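A.B. asks: Chains A and B supply the protein sequences, listed in that same order. As numbered in the UniProt record's numbering, residues 1 to 325 make up the first sequence, in order. As numbered in the UniProt record's numbering, residues 1 to 338 make up the second sequence, in order.
Quick caveat, the hints were computed from the structure, so don't treat them as lab data. Quantities reported herein were computed from a predicted structural model and do not represent experimental measurements. Misleading hints may appear alongside valid ones.
Stated by the list, open to error - Calculated lysine to aspartate or glutamate pairs in the DMTMM-like style (CA-CA distance at most 20 Å, straight line):
{"no.": "1", "chain 1": "A", "residue 1": "K51", "chain 2": "B", "residue 2": "E301"}
{"no.": "2", "chain 1": "B", "residue 1": "K150", "chain 2": "A", "residue 2": "D165"}
{"no.": "3", "chain 1": "A", "residue 1": "K253", "chain 2": "A", "residue 2": "E296"}
{"no.": "4", "chain 1": "B", "residue 1": "K150", "chain 2": "A", "residue 2": "D21"}
{"no.": "5", "chain 1": "A", "residue 1": "K51", "chain 2": "B", "residue 2": "D245"}
The residues making up each chain are set out below.
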Amino acid sequence: MPIITYRQALNDTLGEELKRDPNVLLMGEEIGVFQGSYRITEGLLQEYGPKRVVDTPIAEEGFVGVAIGAAMLGLRPVVEIMTINFILVAIDQVVNHASKIHYMFGGQVRVPLVIRTPSGGTGQLGATHSQSFENWFAYCPGLKVVAPATPYDAKGLLRAAIRDDDPVMFIESLALYDTKGDVPEDNDFVVPIGVAEVKRTGTDVTVISYSRMTAVAMQVAQRMANEGISVEVVDLRSLRPLDRPTIIASVKKTNRAVVIAEDWYSYGVTAEIAATIQEEAFDYLDAPVQRVAGIETPLPYAKDLSAASKPSAHSLIYAIRKVME
Amino acid sequence: MTVSIADLVPGASESGGDLSAATLREMFRFMLLARVLDERMWLLNRAGKAPFVISCQGHEAAQVGAAFALTRGKDFTLPYYRGLATVLVMGMTPTEVMLGLFARATDPSSGGRQMPAHYSHRRLKIITQSSPVGTQIAHAAGVGLAERIKGGDAVVWTSFGEGTTSQGDFHEGINLAAVQQLPVIFQCENNEYAISVPQKQQMAVTSVADRGPAYGIPGISVDGTDVLSVYEVTRRAVERARRGDGSTLIEARVVRLTAHSSDDNDRTYRSQRELKSMRLSDPLARFAAYLHDQDMVSEAEERDLRADVAAEVDAATEAAEQAPMPDPETLHNHVYAL
């Protein structure tokens, strides 16, 4: 399998799906001539033209609404929102429309829409540019939410999302765009939505995560192995539908669990996972479930403050040691 | 500027333009049906049988005139919650409307999932909306975009009140449609109230149509209580859209003859004098008088027509009331397509 970046995996998949299906079109700010703020749509305007790769006005509510209208007629729009922070001005279209039209239409009309957007913070981007809101969307029945951690999953999940008949929030991460990994060349390879993966097997403690924090968990697992602690890493890949059986099977095996996610601690993804473990594997636990998540402040700009506000390898190691006590 | 049909087609207000007498009678029948059906829904609400009613009374001419300029089964409509007359002309039956009001399992819009008056009908190309107002404006642009990509020549018509024009969605949706020259007709039914807030507190322009040129599309204000004027203005907008020249914003000036919905009392925010004078602009009475003058419908024929329509509404009410409720076992249906 070729080794490519996460960015390349996304770019390849968009191009391949544009080629495969004339109903696929891309919409968003700066995705054409500028090739995407993070260059995910590089070369696509040149190859597929302005009718398939549509540069929109700066109007998230408007163009997400336009994409929903087009999806209702059977097109498969893939919308880029520059960062998840900017989706807040379009959240009504996502939550009140994309997620509910199929239902409010009594199942007669589908909304095969994908919204791609990077979430979370890297570097100094400040309070309204570094947030993690995937849990807000994972809360909504009617939406599917996926968050790949590797180039392999980025490709397989994006292809699955574009081919899915429901609206899918496709959560990316700025910090992952340049990471590399094996990606199959097979044009029909997909990663099914709603299926987690054990990315590393272990026997002492399960770390459950997704997206960038899975990458952190994999590094930490390697370090912990040197200290004689065997860490199993469960990568959720999808937040909704959530693959509870894979989480529970792992925790029943290791008897200890740490959940790590980048969003704020209270009411976040880690709370949902911890509650699931409590409900379904309580008798198997040798220690309380530990949660590692964002510090509950607006995201600061100053470098050291910014670093201190986000979960890290350091805070994960601390939690693993605590759960092993 | 407000145009009347006489400005557009000299002599038309006397003759009804190019419409046949049979078509004018059909238009009148739809206006009457919408009125009687709407009045029945209020009675059902007051009798405790319908939790929520929102009205098209006073908007019938604006909706029937516009819908007659569209092609049923071909063109798309995204009406807002006052669009009862629109959806009747586009092909929904009174029974289907009542099935939605009572939220029955066989409600063709949603099987009892969606609120009443948030009309939809897949076969008739009527697309549902949500309660936050104005969101259908962007959807309409998207439907127009998809229609163009698919190579069809259907036109997309969407409606909303003047209150909605304060929303960002109005700006964003119309701007995108204008930039892309999409085949969309935006009909603002201006009844001068956003629930209780009068137009002068909503906008500093006298007409919503003034905003059309700001987007680079025509903005036309029309007397929305005159069904023939609305027909003519819409017919021209449809021709423009179908030949690929883009969108049109139409403001139809109407009256709201009821409270906003069954949940408010407009006597608390409109004067007695205003409520009384509004009745003089009732579009149904206006069209009836015109048809009498033109000897197209006699008073006796009108009485017969009213009796027919009342019987149709009775039958629809009875059929819908007797239809089964949605089974709670189906609660999880339609959350996901797959």
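A.B. asks: With a cut-off of 20 Å on the C-alpha distance, tell me whether K150(B) and D21(A) pass.
C.D. replies: It holds: about 13 Å lies between the C-alpha atoms, which stays within 20 Å.
A.B. asks: Can the restraint linking K253(A) and E296(A) be considered satisfied, given a maximum Cα separation of 20 Å?
C.D. replies: Violated - the C-alpha atoms of E296(A) and K253(A) are around 32 Å apart, more than 20 Å.
A.B. asks: Check whether the Cα positions of K51(A) and E301(B) lie no farther apart than 20 Å.
C.D. replies: violated, 54 Å
A.B. asks: Would you mind confirming whether the straight-line C-alpha gap from K150(B) to D165(A) stays at or under 20 Å?
C.D. replies: Between K150(B) and D165(A) the Cα gap is close to 19 Å, so the pair holds against 20 Å.
A.B. asks: Given the hint that K51(A) pairs with D245(B), test it: the Cα-Cα distance must not exceed 20 Å.
C.D. replies: Judged against 20 Å, a Cα distance of about 17 Å means the pair holds.
When each numbered hint is compared with the structure, violations occur for hints 1 and 3.
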